[in-house]
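Undergrad: So the chains spell out like this:
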Amino acid sequence: MPEQGLRISNLRCRVAGNEILKGIDLTVEPGRVHALMGPNGSGKSTLAFSLTGHPLYEVTGKVELDGEDLLALSPDKRARAGLFLSFQYPAAIPGVKVANFLHAARQAERPGDLPPAKFRALLLEKMEQLGIDPSFMGRYLNDGFSGGEKKRLEMLQLAVLAPKYAIMDETDSGLDIDALKDVGSSVAALRASEEGRNTGFLIITHYPRILQYITPDVVHVMIDGRIVETGGHDLAHRIEREGYDKIREKIGSVV
Amino acid sequence: MSSALTTPAQTHALYEQLTAFDDTLIDADARRRALDRFFTLHSGHEKPGRFWRIDFESLLPPAGAIDPGAAQVSAEHRDSAIVVCDLATAARKYPELLARAFGTSEAAETKFGALARAFAGSGIFTYVPADHACDEPVVIRYHAGAGAAIFPWSVVLAERGSRVTVIERITADAGAFVCGASEIVSLEHADVTYAVLQNADSQAQILATRSSTPGRDSRMAWNVAEIGGALAAGDLRVAIEEPGIDAHVTALFFPRGSQHVDLINTVDHRAGESTSQTLVKSAARERGQARFLGNIRIAAHAQGSDARLRDDALLLSPTAHVDSVPALEIAANDVKAYHGATVGAIDVDQIFYMESRGISGAAAERMIALGFFEPAIEHFPTTTLRDEIRAALEAKLA
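Chains A and B are the protein sequences, given in the same order.
So the first sequence is numbered by my numbering: it starts at 3 and just counts up by one.
So the second sequence is numbered by my numbering: it starts at 483 and just counts up by one.
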């Protein structure tokens with residue numbers, strides 16, 4: 003039995019020649035929720051793209067997904083291995099209907115597991131849970147969607163694909179409180195489901211407010227491409243009170 | 483008369499072949515005059531250059547291939563209130579109706595329209611009486627066998643307040659030469675949709691002139707899908723000579739291998755208070771070459787015109803080439819005119835987004851490219867035709 007978890011060790015990443023990630027060590031265990039917090043420009047989104055295999059990121063180090071060497075895989079194979087990224091800025095793809103895309107994605111990740119009628123029923127069920135209007139299905143993927151609609155669609159994909167590990171990149175940005183609650187309840191619904199009860203989460207966020215709706219087991223703080231502090235839920239509260247400057251001062255005296 | 487680019491023997495041989503055509507539709511003099519015009523007119527199509535390999539000015543039908551009986555023509559419809567018949571029958575049974583449309587548009591004013599007129603004989607006439615709504619589309623099929631040269635000519639006359647959809651399907655075998663025309667005349671408040679699916683063999687040459695003169699307060703929609711052919715060249719015109727016209731032109735094409743596509747669309751606003759919308763979607767891969775010239779003209783007195791032109795090209799290989807040339811000539815001052823053009827490859831972030839959902843890069847590229855065409859495909863009539871176009875494009879992406 004290989005060691006379970008999304009195990010990241012000494013992960014470094016360069017973008018256009020600049021080192022953005024300077025050696026990340028982090029393990030997300032199945033069923034656990036990790037929050038990754040940090041100020042803008044600290045490298046949080048770079049970590050998300052490095053893990054999922056964006057072609058413009060040069061990555062070294064080691065990442066294992068339940069024992070599988072993730073960095074050796076192409077982005078689509080990483081997804082099929084069970085990795086999911088909820089994008090901060092999902093790409094718009096005109097002409098590709100949401101329903102067709104979701105079906106293609108489910109088929110790619112779990113070939114033949116659901117006949118079309120059952121898939122449709124699953125979709126409708128998840129859409130109702132998320133308060134998404136069925137007319138969404140006939141719309142072009144993220145094309146002309148509002149910020150809130152895009153995030154809802156990311157949540158719908160999370161629900162439909164039920165990945166082993168989900169990275170949520172600034173899912174809270176640009177959302178009002180109601181939309182934020184919906185994100186929280188869709189994560190809770192996935193965690194309560196048979197398919198999703200072992201899903202591990204890495205929740206990337208600048209602000210602690212989303213953590214009121216998704217309670218993290220572990221909180222990490224990233225500054226300048228390094229994880230500088232790891233703690234429990236109370237670390238998020240401390241950041242809420244003090245901001246990142248206190249932590250920055252503390253590490254400034256060390257580095 | 484002879485062009486510098488064709489030899490006297492070639493020119494002579496074409497005039498000789500005119501004698502095989504009778505004067506039911508067009509008399510011998512008119513045929514000769516049309517052929518004269520073919521030799522003297524400049525096509526306006528792309529010139530040979532760094533990417534483009536074909537010279538339209540010396541393009542001729544294959545020697546000796548012209549036979550008045552070569553065109554395989556059929557038409558289907560399910561509406562007994564309309565007339566759908568071949569041109570010879572129309573000339574015999576409905577000469578007055580035919581004369582109100584045939585040869586009245588600008589179809590014969592282009593180089594290849596003149597060639598089509600010189601050898602006109604086969605084709606379909608569609609007549610829709612006043613206030614009649616024809617719910618089922620009329621389907622016209624033109625086919626050229628291997629090495630054949632055909633000159634099919636479609637004529638539609640839609641009376642006041644009528645509605646009709648015509649679907650023209652062009653197929654041709656290797657080495658065929660198709661030089662056709664479609665001519666549409668409609669009256670007040672008519673609603674005509676004319677769709678073309680050209681899916682010829684990749685060794686055929688297809689030249690088409692499409693010309694329409696819509697009536698006052700009418701709607702005219704052209705939907706053209708150029709899929710096949712070593713060469714597909716089209717010259718499409720909408721002459722807006724009345725107010726209240728709502729004109730739509732949609733075209734899509736996708737050259738790959740060594741295919742060449744050259745389309746010239748002209749929407750000519752000569753009367754005010756009319757709207758036109760042109761949407762062109764194209765992709766090219768391998769050594770596929772294309773040019774699109776989109777002319778929007780608004781005459782000085784055509785105030786209140788509203789003309790839109792949108793043209794997007796997707797390059798799927800570094801050796802593929804699409805030249806998009808929007809050309810707006812606006813002489814009036816109280817008009818709306820918009821044009822937007824894009825040429826580019828698929829965005830890496832679009833592919834990455836789909837890959838991050840488990841879809842392979844190749845499958846993502848196919849879905850994105852097909853999706854790119856979708857806004858144009860949606861303008862085509864009937865589910866069957868739309869699905870057929872999707873399948874044809876999908877096959878080109880494989």
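If you're looking for bench data, these hints aren't it; they were derived computationally from the structure.
Treat the hints with care, since some could be wrong.
[What the hints assert, rightly or not] Listed below are the simulated DSS-like cross-link pairs for lysine-lysine, each with C-alpha atoms no more than 27 Å apart in a straight line:
hint: 1; chain 1: A; residue 1: 99; chain 2: A; residue 2: 64
hint: 2; chain 1: B; residue 1: 878; chain 2: A; residue 2: 79
hint: 3; chain 1: A; residue 1: 120; chain 2: A; residue 2: 64
hint: 4; chain 1: A; residue 1: 99; chain 2: A; residue 2: 24
hint: 5; chain 1: A; residue 1: 166; chain 2: A; residue 2: 183
hint: 6; chain 1: A; residue 1: 99; chain 2: B; residue 2: 878
Undergrad: Against each hint, give a clear statement of whether it holds in the structure.
TA: So, going through the hints one by one against the coordinates:
1. A/99 to A/64: violated (36 Å)
2. B/878 to A/79: OK: residue 878 of chain B and residue 79 of chain A at ~26 Å, within 27 Å.
3. A/120 to A/64: violated (38 Å)
4. A/99 to A/24: violated (39 Å)
5. A/166 to A/183: holds (23 Å)
6. A/99 to B/878: Judged against 27 Å, a Cα distance of about 21 Å means the pair holds.
Hint violations for this structure: numbers 1, 3, 4, all remaining hints satisfied.
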